[in-house]
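*Asks:* Which chain is which? The protein sequence lines are A and B, in order.
Residues 153 to 509 in the working numbering are what the first sequence lists, from first letter to last.
Residues 153 to 509 in the working numbering are what the second sequence lists, from first letter to last.
Read the hints as simulated data drawn from the structure, not as lab findings.
Incorrect hints may have been included.
Because identical chains share one entry, a pair is satisfied inside a single copy or across any pair of copies.
[Stated by the list, open to error] List time: in silico BS3-like cross-link candidates among lysine-lysine, alpha-carbon distance up to 30 Å:
| # | residue 1 | residue 2 |
| --- | --- | --- |
| 1 | 207 | 228 |
| 2 | 440 | 480 |
| 3 | 403 | 474 |
| 4 | 451 | 292 |
| 5 | 323 | 506 |
| 6 | 326 | 289 |
| 7 | 317 | 406 |
| 8 | 292 | 228 |
| 9 | 506 | 471 |
| 10 | 181 | 403 |
| 11 | 463 | 451 |
| 12 | 181 | 413 |
| 13 | 292 | 480 |
| 14 | 220 | 409 |
| 15 | 506 | 326 |
2 protein chains.
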Amino acid sequence: MSQKTNVLKVLALVVLSVGLTTSSFAKEKVYKLKLATTWGTSASPLIDAAKNMAKYANEMSNGRLSIKVDSSNKHKSPFGVFDMVKGGQYDIAHSTSYFWKGKDINTLPFTTMPFGMTAPEQYAWFYHGGGLELMQKAYKKHGMLSFPGGNTGVQMGGWFRKEIKSVEDLKGLKMRIPGFAGEIMAKHGVLVTNIAPGELYTSLERGTIDALEWVGPSMDITMGFHKIAPYYYTGWHEPGAETQFLVNIKKMNKLPKDLQKILTLSMKLAAFDMYTQNYHMSALAWDKMTKEYPGIKIKSLPKEVMLSLKKVNDELLAKITKDNPFVKETLDSQNAYMKKAREWTKISDYLYIKDNL
Amino acid sequence: MSQKTNVLKVLALVVLSVGLTTSSFAKEKVYKLKLATTWGTSASPLIDAAKNMAKYANEMSNGRLSIKVDSSNKHKSPFGVFDMVKGGQYDIAHSTSYFWKGKDINTLPFTTMPFGMTAPEQYAWFYHGGGLELMQKAYKKHGMLSFPGGNTGVQMGGWFRKEIKSVEDLKGLKMRIPGFAGEIMAKHGVLVTNIAPGELYTSLERGTIDALEWVGPSMDITMGFHKIAPYYYTGWHEPGAETQFLVNIKKMNKLPKDLQKILTLSMKLAAFDMYTQNYHMSALAWDKMTKEYPGIKIKSLPKEVMLSLKKVNDELLAKITKDNPFVKETLDSQNAYMKKAREWTKISDYLYIKDNL
Numbered sequence: 153m154s155q156k157t158n159v160l161k162v163l164a165l166v167v168l169s170v171g172l173t174t175s176s177f178a179k180e181k182v183y184k185l186k187l188a189t190t191w192g193t194s195a196s197p198l199i200d201a202a203k204n205m206a207k208y209a210n211e212m213s214n215g216r217l218s219i220k221v222d223s224s225n226k227h228k229s230p231f232g233v234f235d236m237v238k239g240g241q242y243d244i245a246h247s248t249s250y251f252w253k254g255k256d257i258n259t260l261p262f263t264t265m266p267f268g269m270t271a272p273e274q275y276a277w278f279y280h281g282g283g284l285e286l287m288q289k290a291y292k293k294h295g296m297l298s299f300p301g302g303n304t305g306v307q308m309g310g311w312f313r314k315e316i317k318s319v320e321d322l323k324g325l326k327m328r329i330p331g332f333a334g335e336i337m338a339k340h341g342v343l344v345t346n347i348a349p350g351e352l353y354t355s356l357e358r359g360t361i362d363a364l365e366w367v368g369p370s371m372d373i374t375m376g377f378h379k380i381a382p383y384y385y386t387g388w389h390e391p392g393a394e395t396q397f398l399v400n401i402k403k404m405n406k407l408p409k410d411l412q413k414i415l416t417l418s419m420k421l422a423a424f425d426m427y428t429q430n431y432h433m434s435a436l437a438w439d440k441m442t443k444e445y446p447g448i449k450i451k452s453l454p455k456e457v458m459l460s461l462k463k464v465n466d467e468l469l470a471k472i473t474k475d476n477p478f479v480k481e482t483l484d485s486q487n488a489y490m491k492k493a494r495e496w497t498k499i500s501d502y503l504y505i506k507d508n509l
Numbered sequence: 153m154s155q156k157t158n159v160l161k162v163l164a165l166v167v168l169s170v171g172l173t174t175s176s177f178a179k180e181k182v183y184k185l186k187l188a189t190t191w192g193t194s195a196s197p198l199i200d201a202a203k204n205m206a207k208y209a210n211e212m213s214n215g216r217l218s219i220k221v222d223s224s225n226k227h228k229s230p231f232g233v234f235d236m237v238k239g240g241q242y243d244i245a246h247s248t249s250y251f252w253k254g255k256d257i258n259t260l261p262f263t264t265m266p267f268g269m270t271a272p273e274q275y276a277w278f279y280h281g282g283g284l285e286l287m288q289k290a291y292k293k294h295g296m297l298s299f300p301g302g303n304t305g306v307q308m309g310g311w312f313r314k315e316i317k318s319v320e321d322l323k324g325l326k327m328r329i330p331g332f333a334g335e336i337m338a339k340h341g342v343l344v345t346n347i348a349p350g351e352l353y354t355s356l357e358r359g360t361i362d363a364l365e366w367v368g369p370s371m372d373i374t375m376g377f378h379k380i381a382p383y384y385y386t387g388w389h390e391p392g393a394e395t396q397f398l399v400n401i402k403k404m405n406k407l408p409k410d411l412q413k414i415l416t417l418s419m420k421l422a423a424f425d426m427y428t429q430n431y432h433m434s435a436l437a438w439d440k441m442t443k444e445y446p447g448i449k450i451k452s453l454p455k456e457v458m459l460s461l462k463k464v465n466d467e468l469l470a471k472i473t474k475d476n477p478f479v480k481e482t483l484d485s486q487n488a489y490m491k492k493a494r495e496w497t498k499i500s501d502y503l504y505i506k507d508n509l
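Go ahead and model the full structure; you've got the sequences and the hints to work with.
*Replies:* Now the structure itself:
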């Protein structure tokens with residue numbers, strides 16, 4: 153064999169080797185994604201769901217999936233994240249579905265509904281009762297995938313400076329309560345006001361407003377409302393508020409299959425984690441509040457008021473579903489599922505707590 | 153440059169390339185692990201937690217982590233899985249912690265405790281209240297890591313052919329109720345019997361036993377007890393039974409870091425999934441049972457009986473903790489955490505359900 157032939161053989165081997173090496177290197181390509189949250193940097197546990205998700209994806213992919221999380225402090229557009237992901241400026245959003253009801257009414261029911269399901273009931277609906285499929289259908293026309301992003305549990309009814317003893321007491325009440333619950337309250341004569349979060353404490357303290365709704369102990373504690381309002385009402389309007397990951401579908405499809413799986417399961421896990429984290433934060437915050445302010449009184453709205461709120465809720469929803477068959481399909485699915493799930497909740501968790509009071 | 157030098161340079165490149173290629177190929181090595189469950193092939197949702205975990209790990213690792221799940225139908229040793237993982241015949245087990253109290257009393261508290269935490273409370277304790285760290289400590293001396301493996305929610309108190317109206321009614325009652333709850337019952341004069349699962353239905357039907365405890369609607373429905381016992385008692389003894397993954401620590405350490413992460417997070421996710429799946433199965437099973445057998449009556453044990461069971465529970469635990477400081481440390485941690493978490497559960501989920509009855 154001539155030396156020339158040898159050189160050619162060796163070169164052939166090199167090409168083969170380099171080819172193999174390149175294909176292996178190609179597999180190690182880093183996919184960089186950008187995530188925008190509706191929440192600010194200090195909004196635990198909401199912001200933590202996005203951060204945990206990015207961390208999980210990075211660790212499990214050995215760094216191949218790198219997700220940069222921008223809070224609203226950075227991108228300055230808390231309610232612009234839907235459009236930014238739809239338009240491709242960001243790849244993923246962490247926010248919640250009912251914020252988009254003005255853009256597309258079909259997205260309304262995927263956060264929580266007044267008098268609706270609790271977190272465990274709703275997770276069962278999402279993953280085993282057809283909920284996730286309905287949610288994907290709602291977002292498909294916007295070029296986005298949508299996934300549960302973490303639950304706040306039952307949100308409290310809010311902080312009140314005076315007690316509500318009848319439907320009559322709602323008339324003229326000045327209250328900060330946004331969204332659908334605000335509409336229900338407005339129908340009862342409540343003067344629903346819109347005040348920036350930074351001014352809520354002073355407004356409540358000075359009597360500019362008589363009541364306000366925020367989240368629950370986990371996030372209310374830093375706002376300090378418990379120092380100035382003696383009545384903490386139980387929840388009725390957001391019994392299991394689920395946040396949401398939105399993913400640009402084209403960006404998802406560009407990922408290799410294993411990274412698609414890692415991203416999807418990281419979102420699913422970060423969601424459950426947030427529910428657990430919020431449970432923990434709520435327990436500790438409520439304990440601290442009641443130790444420092446033992447005068448806080450837990451109140452439930454009187455039966456008469458609850459029934460009236462529920463009646464108006466049903467009327468408002470009937471107006472929406474009349475012209476929106478997909479909203480009707482979703483609410484029907486939720487209500488049928490809740491009917492079964494609630495019976496189980498009653499004989500398990502509910503009676504267990506009751507028997508041990 | 154001589155042709156010889158060229159050949160040497162090319163050879164050097166080949167060696168370099170082959171080196172790179174080999175290291176890239178090495179990364180694609182498939183790690184095969186074997187998992188043994190305590191459960192049989194048809195024991196949904198328990199067995200599904202193990203199967204889902206293996207599926208997640210396989211998909212996210214692009215096939216590099218391959219976990220074979222053997223049910224107890226295959227390995228024939230449902231309660232041998234602790235020793236098989238400890239000894240290295242299997243790498244992972246899916247079972248539950250309180251099964252091992254005879255081997256090591258320190259493992260007792262990590263499934264559920266009578267009058268203890270519900271699933272959301274306990275998950276908060278595991279992941280944010282120090283529970284997971286305590287569990288790892290308990291298993292370290294056995295060369296195993298231990299992780300939550302999925303929750304059954306509140307287990308029902310069982311199916312009874314006759315009503316329990318007083319502590320007196322427990323005397324002479326023939327009941328299948330294993331484990332710690334069985335010891336508490338025995339102290340009340342219950343004749344605790346041990347009957348193979350396959351013979352339970354006939355034993356209850358013929359009156360060989362008066363009552364039995366199984367799981368809850370999700371798993372009770374296939375046993376058929378609702379067809380022959382009219383009273384279904386609410387739970388007190390297993391308010392949030394968590395299953396468990398055990399991993400041989402040497403096998404875990406042999407995995408590359410990213411696969412360790414994938415395995416750990418797949419277990420965590422599969423656990424949450426099982427809780428959700430069980431919620432769903434329970435809701436549907438309970439709905440079906442009550443539709444087909446509308447005569448089933450939900451009963452809670454009378455307050456007097458509950459207080460007596462709790463008293464004996466505390467006495468039995470005091471005997472155990474006296475000689476076992478680690479069990480005391482764990483139970484103290486659980487009780488302190490539950491005290492706070494329960495107050496939150498009461499004003500959130502509990503009052504939300506109550507207000508909407």
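*Asks:* If a hint holds in the structure, say so; if it doesn't, say that too.
*Replies:* Consistency of the hints with the structure:
{"no.": "1", "hint": "207 <-> 228", "in the structure": "within (23 Å within a copy, 40 Å between copies)"}
{"no.": "2", "hint": "440 <-> 480", "in the structure": "between (42 Å within a copy, 25 Å between copies)"}
{"no.": "3", "hint": "403 <-> 474", "in the structure": "neither (35 Å within a copy, 59 Å between copies)"}
{"no.": "4", "hint": "451 <-> 292", "in the structure": "neither (42 Å within a copy, 47 Å between copies)"}
{"no.": "5", "hint": "323 <-> 506", "in the structure": "between (34 Å within a copy, 26 Å between copies)"}
{"no.": "6", "hint": "326 <-> 289", "in the structure": "neither (38 Å within a copy, 54 Å between copies)"}
{"no.": "7", "hint": "317 <-> 406", "in the structure": "neither (57 Å within a copy, 65 Å between copies)"}
{"no.": "8", "hint": "292 <-> 228", "in the structure": "within (26 Å within a copy, 48 Å between copies)"}
{"no.": "9", "hint": "506 <-> 471", "in the structure": "between (38 Å within a copy, 28 Å between copies)"}
{"no.": "10", "hint": "181 <-> 403", "in the structure": "both (15 Å within a copy, 29 Å between copies)"}
{"no.": "11", "hint": "463 <-> 451", "in the structure": "within (21 Å within a copy, 32 Å between copies)"}
{"no.": "12", "hint": "181 <-> 413", "in the structure": "both (16 Å within a copy, 20 Å between copies)"}
{"no.": "13", "hint": "292 <-> 480", "in the structure": "within (18 Å within a copy, 53 Å between copies)"}
{"no.": "14", "hint": "220 <-> 409", "in the structure": "both (20 Å within a copy, 22 Å between copies)"}
{"no.": "15", "hint": "506 <-> 326", "in the structure": "between (35 Å within a copy, 27 Å between copies)"}
The structure fails hints 3, 4, 6 and 7 (numbered hints given earlier, in ascending order).
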